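Engineer: If you want the building blocks of each chain, they are given just below.
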Amino acid sequence: MNSMNNTINEIKAALKPLKMETPAFRQIAVVVKPDTVHNALSYLKQKGFTQLSIVTCVDWIKESEFELVYILFSWTEGIHIQLRARIDRDKPVMVTATDIFPGAQYYEREVHEFFGVEFTGNEDAAKPLFLEIWDDLPPLRKDFDPQAYSDSKFPMRERGNEFVSEIGGHDDE
Amino acid sequence: MNVMSFVYGFLVLLGVFVFQTTLTGLNRKVTARLQKRYGARWYQQFLDIFKALRKDSTSHGWVFDFGVIMALGGIMATVIFIPVAGFEAFPGLDNIFVISYLLAVGMLGMAMSAAGSGNPWASIGVARALTNMLAYDVPLMIVIFTLIFAFDSSSLSEIAALQQGMGILGWNAFRMPLGGIVAVIALLGMLGKKPFDSFIAPTEIASGPMVEYGGKHLGFMFILHEFMTFIEVSIILSLFFGGGATIWEYMLKYAVLYTFMNIISGVMPRFKIDQAVKYFYRVPLAMAIVQGLVVIFTGLGVTLWF
Amino acid sequence: MNLTIILAVTVVLAVVSFFITRLNKKAGGFLTVIASLFAFVGLFLLKGSIGGEFSIFYFSFKITMVGWYFALIMVLAYSMTSFFNPFWMDKMMYPGSYNFMYLLSMAGTIGMFFAKDFITLFIFWETVVWSSTFIIQLGKSRKASYVYYVVSAIGSMATLFAIMMAYSVSGTFVISEAFAGLSGGAAIAVFFTFILSGLAKIGIFPFHVWLPAAHGNAPHTFSPVLSGGLVKMGAFIAFLSVTAFPAYEIFSGMFKVMGTPFPIYFLMALGAISIIVGTLMAIKQEDAKKLLAYSSVANGGYILIGILMLDQVGFAGGMMHLVNHAVASAAAFLAIAAVAYRTGTTKMSEMGGMIHRMPVTYIVYLVAIISMAGIPPMGGFVSKWLIFQGLADKGMLFLAAAAFFGSIGSFMYVFRPLSAVFLGQTFTRDLKKKEVGFFMMLPMLILTALSILAGVFPNTILRVITEIQASVGISPVTLAENTIVTVNGYLDAFRVFIVFGFGFTIAFVIFIVRRKSKKVELMDTYTSAEFIHTRELLHYSSKFYAPFERLYDKAPDTMKLYKKIAVKIGELGNLTESLFYGHKPEKTVFWVMITGIFVVIIGGVV
Amino acid sequence: MVLDEKDNRNVWEKIGDYFSANSIWMKWYCTGCGAIELPPTMTSRYDMERLGMGPMATPRQADVLLITGYLSTKTLRRVIYSYEQMNSPRFIVAFGSCTINGGIYYDSYATIGRLDKYLPVDLYIAGCMPRPEVVMNGFNELIKMIKKGQAKGWKHYQENYEWYKKNQLDSLGEVIIKDEFHE
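Residue numbers (the numbering used here), protein chains in the order written: chain A, 14 to 186; chain B, 18 to 323; chain C, 24 to 629; chain D, 12 to 194.
A few of these clues could be false.
[Said to hold, decoys possible] Partial pick of chain A residues on the chain D-facing surface, computed with a CB cut under 10 Å:
1. GLU80
2. LEU142
3. ASP148
[What the hints assert, rightly or not] Dumping the calculated DMTMM-like pairs for lysine to aspartate or glutamate here, alpha-carbon to alpha-carbon at most 25 Å:
4. LYS85/D with ASP156/A
5. LYS289/B with GLU149/C
6. LYS166/A with ASP580/C
7. LYS176/D with GLU145/A
8. LYS176/D with ASP156/A
9. LYS176/D with ASP148/A
10. LYS85/D with GLU553/C
11. LYS25/A with GLU145/A
12. LYS163/D with ASP148/A
13. LYS104/A with GLU80/A
14. LYS289/B with GLU572/C
What the hints contain is simulated information worked out from the structure, not anything from laboratory work. Here the structure is a predicted model, which is why all the values come from computation and not from measurement. Where a beta carbon is used, it is the ideal one built from N, C-alpha and C, also for glycine.
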C-alpha cells in the first residue's frame, strides 16, 4: 500500500488537484482544471501511466457542464487513474491528447461524435466514426430525445389486437 | 468406341449419381448418430441438390460459368473411366495416371471458376486446396507407383482383378500394409474430410472456393462433389481393397469404406493447412517410401505373404 | 531446300535487318518475322534430305533426324515469338542490335543442331550464347546477362575441355566417332565435363540460377525464345552424351542403381533435384516471368530424366516433352508478354482480372498451363505419362517421387499467374485496357492449337521420335493407330479427349436447360456484408501460398551461396594482391621466390 | 398477407417448392442475442437437420436469412446488402420481439422499430428470446408456407421494390456506405 500512498502524494504535489479520492482498490480519481489536463496527462505518462484505457465524457446537464474522464493505467504499479475535468457545456472545447497518447485519436472522435466536444489540435476529431450518417444533435447528450428521434425516423407498428393474427409482415400498403 | 459405349457411360453416370448421393445421405445420418442426433432423411442430399438446381443463380462473368461446366464435365468424364466390378464403358482406358490427371481437369475448372468470382475467400480456399493436394498426392502416388512396379500394370481393373479370389488377405491393403495405411490416410485428404478440410472451412473462410456459388452453380458443385467422392473412393477401393467381383460386392465394400472414412472424420478436429503438409510429409511419406523400397528390393507383398 | 541457303539467308537477313531497323523500326521487326518463318518453312522442307552431309568453309554439317527435330522446335519458338517483335521496337533501347542478334542466334541454333563435328558445334553454340547474352542485356537488368554468361561460360569451357580430351584419345572431332576409345576414369571425366554445358543450358540444379535471372529480366519478346527454345540446346547436349558418347555402354561395367549406371543415375538425380527446387522456388515467386522461369527449371528436370533413360518409353516421353514444353512455355511467356504489353508490368500483385479485358490471351495461357501441368487433354500430359511409365517400369522410386512432386506442385505454381493476373478483380487502372491486336494473337493461337493437337493426336510427334529412337539403336515406342502402348498399360489420348468432350457436353446441357443466371458485377461479392469499394483491396494475389512457403523459407538459397563464393574469391584475390603488390618491393620479391621454389620442388617430385 | 390466396402455381413450381420447403439453408445474421438460441436448436437436443435445415456460409448459398434480434441502422444496411446478394426464392425469418416492434430498444436512436418496413419478412418468431421449441415450431410453419406457395416475400420485394427502397432511404439515409473505413 506504500507505493499507492507515495503515488497519491506525488500526484497531489505535482498536479495540485481540485479533488482527489480513491474510489476502489488501487484506483485514484483526480479532478483537475480543464486547462491543466494536457500537462497532467504528460506528467502521468512519464510517471509510468503509459496506457490510456479510455477517454469518455459525462453530461452534467443541470450544472451545464461536461465532465471529461481519462482513465490511465500503470503496468509497473498496477494503479488506475481517472483524470477528470469539467468543461463548459455550451462551448465544449478541450486540448487534444493525441500528441501524448496517439491512441487517443479514436476516443476523441467518439467523444466528439456522441457529445459534440471539440478537441483543439486534433484535425481528425470531427470525422464521423461510429454513426455512419448522422444529422441531429449528438445522441448521448441529455437534451437529445431518442424517443422523438426514433419515432420520426423509425416508424413503429400500430399496436392492437389485429397484430396477434398477423403472420406475414407486409400487410399495409 | 461406338454409340453403345456412350449410352453405357451415361448410365454409369446416372447410377453413380444415385448410388453415391444416397450413400452420402445415409452417411449424414451416421455422422448425426455419432453426435447423438437424429439426422437428416436418407434422401436429404437429393432434395438439397435439386433445390439448388431449382433456384436462381448469380454469375460473375463467363469464366465463372465455364469453369463450373469444365469442372463437372471433366469429373464426369473421369467417372466414365472408372471400372466398376470389372465393367468399363470404354474398355482399356482405366489407366491410373489418366484417371488421376483427368480428375485434375475438374479441379482446375473449379479453381478457375472460384477464382473468377473475384472473391478473395475463394482464392484462399483454392490456394489451400492445391496445397492440400500437394500434401496427400505425393505419398499416395508413391504407393501407386509401387503397385504399378509390382504388378506391371497401371490399369485399375487389372490391379483389382489380381487381388480377387484369394480371400481378404489377398488385398493389397494386407499385402502391403504400410501402403494401405498411407492410402487410407490419403483418401481422407482427397475427400476433404476432417482433419484435412481446412480449404472449405465454412466459418473461417466462408466455405472457401464455394463462397460465391448459389443456385445451379452450387447444385453443380454438389453433383461434382458426389462424383469426385466416387472417383476417389473407387481408386483406393480398386487398388487396395480388391475392387469387387460382382457389382453388389463392389457396392458393399464401397459403402463400408466410405462410411469408415466418415466415422473417422466425424471424430476429428481440423488441421491447419501447413500442419497437414507437415503431417503428410512426415509419417505417410516415410511409410510410402519404406513400402516402396521393400517391394522393389525384396519383392515382399507382390506375392502373398503366406 | 538446302541448309546452306537457310543459314546464309538468315545470316544475311540478320545484317539487313540491322540496317533496316535504323531506317524504320517496325519494318525491321517485320523482317525478323519473315526471316524466321522462312527458316521454319525451309527446315520443314528439309526433312526429305535427311542423311545428307556437306560442308561450308571449315564447317561440316550432317542432316540428322534428331537435329531436324530439335531445330524445328527451336525455330518454331523463334518464329512464333518474332510476331511480337515489331510491337516492342519502340520500347527497346537498341532495336537494330536486337533484331540482328535475334536472327543471328537463330542461325546459330540451326547450325548447331546440324553440326557434324564438335568444332562446328562449339562455334555455333558460342554464337548463340554470345548473341543471346547481348539480347538479355537489353531487358530490365544488366546483371542478368552476367549471370547468364558466367553460367554458360562454365558449361562451354567444360565442354571444350571434354572435346579436347576426347580428341587426344580418338584423334577426331566428328561427333559420332570422337568419343570412341575412352574408358575408365577418363571416360567419367569426359562424360561429366561434356554434359556440363548441357546441364547449364537446361538449368539443372546447381546451374539453375541463370534461368530466373535471364528469363525474368530479358526483353519480354526474348523470354519465350529463351524458355521455349534455347533451353532445349542443353537437351541436345544431353542427348549427345548418351548416344554419341554411348554412356550406357561405356559405363556398363560400373555400379548400377536400378539397372542404370551410377554416373547416369547421378545426373538423373540432379534432374530430380531440379524438379523439386524448380517447383518450390516457382511456388514462391511474385513475378510471373520468374515463376515461369523456375517452371522451366522443373520441366528441364523431366526432359533430362527422360532423355537419359534412353529406353523405349521414358526416352520418348523426354523427347516429346521437349516439344510440349517448348510450345506451352513459349505460349505462356507470350501471354504474359501480351499482358505486359498492355499493363506494362509482370508483377502479379499489380494486376488482376485481365480476363475481362483480354479473354483470348487468357485462353492461350490456360491451355499452356494445362499442358505444362500435364493435365489431359493437352500435350504435356502424354509426355509426362510416358516419363512416369518409364520410371515405373524401372522402379526408380525416388526419381518418381520427385516427378510426382513436380507434377502436382506445378498445379500450384501455374495457377498463381492464372489467378493473380487473369482472374479476380480488375484493377481500376486496367478497366479500359483492350485485347492485343490480331497479329500478336496469331502466334499465341497457333501455339495453343499445337498444344491441343499434341495432346489429342500425340502419335504425330511420337512417330518422329520413333525414327529418332531407331536411329540411335533403341527399340522405338510401340504405336497403334491412336494408341501408345507400353508394358504397363496403354493410352488412347484421342478417346480420352472424346470422352472428356462427352462429359463436357452433358454438363453444358444441364447448365443450359436450367434458368439463366443473373449477371452481377465483380465487386458485388460476398464480403461478410461489408461495403468495399476498392478493387485492388479485394484481390488476393501476393503471398498466395504463404502457409506453404513458410515451411521452407529457411532453406538455403543457391544464388546467395554463389554470391558468398564470389565474395570469397574476391577476397582471395585481394589477399594475393596484397601479398605480391604491396608497397614494399622486397616483400613481393620474397613471395615470388617462395612460390618459385615450391614450383621447382613440386615439379621435381612429380 | 392473406392466407387463403388463390394457388396459381404450375406443376414445376409446386415440385420446386417441395424441394425448397424440405431443404432450408440458412444464413444466420447473428446481430442480436438471439444467436445463442441457435446452437441448441442445431445440436442433439432439437436437431434441426432432421427437417432438412442447416447453416450455410454465405448469402449466395442460402435460402433463408435468419435475423436474430435487434437491428441497428448500421446492421440493417448490411442486412439489406446481404439480402440483395441472395438468390431467389429467398425468405426472411425474423427472430425475437426486437425485429417486430423494436423490443426493449423501442426508443433507441440507432435501432429500427419494425423490420418489415425495409425487408419482406416471411415469418416472425416472437419472444424475448424465443426458446428452441418456438424456433422449431416457427420453421415448421415456414416449411408449410413454402409448400403451399405462401412464402412470397421475395416476389413482394421485387414488385414493391420502390416502396421498400423509399423506406430504407428514409430511415437510413444511404444503404451503401462509402467512407474512410470502406474504401
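Engineer: Which numbered hints turn out to be false for this structure?
Structural biologist: Hints 1, 5, 6, 8, 11, 12 are the ones this structure does not satisfy, whereas the remaining hints hold.
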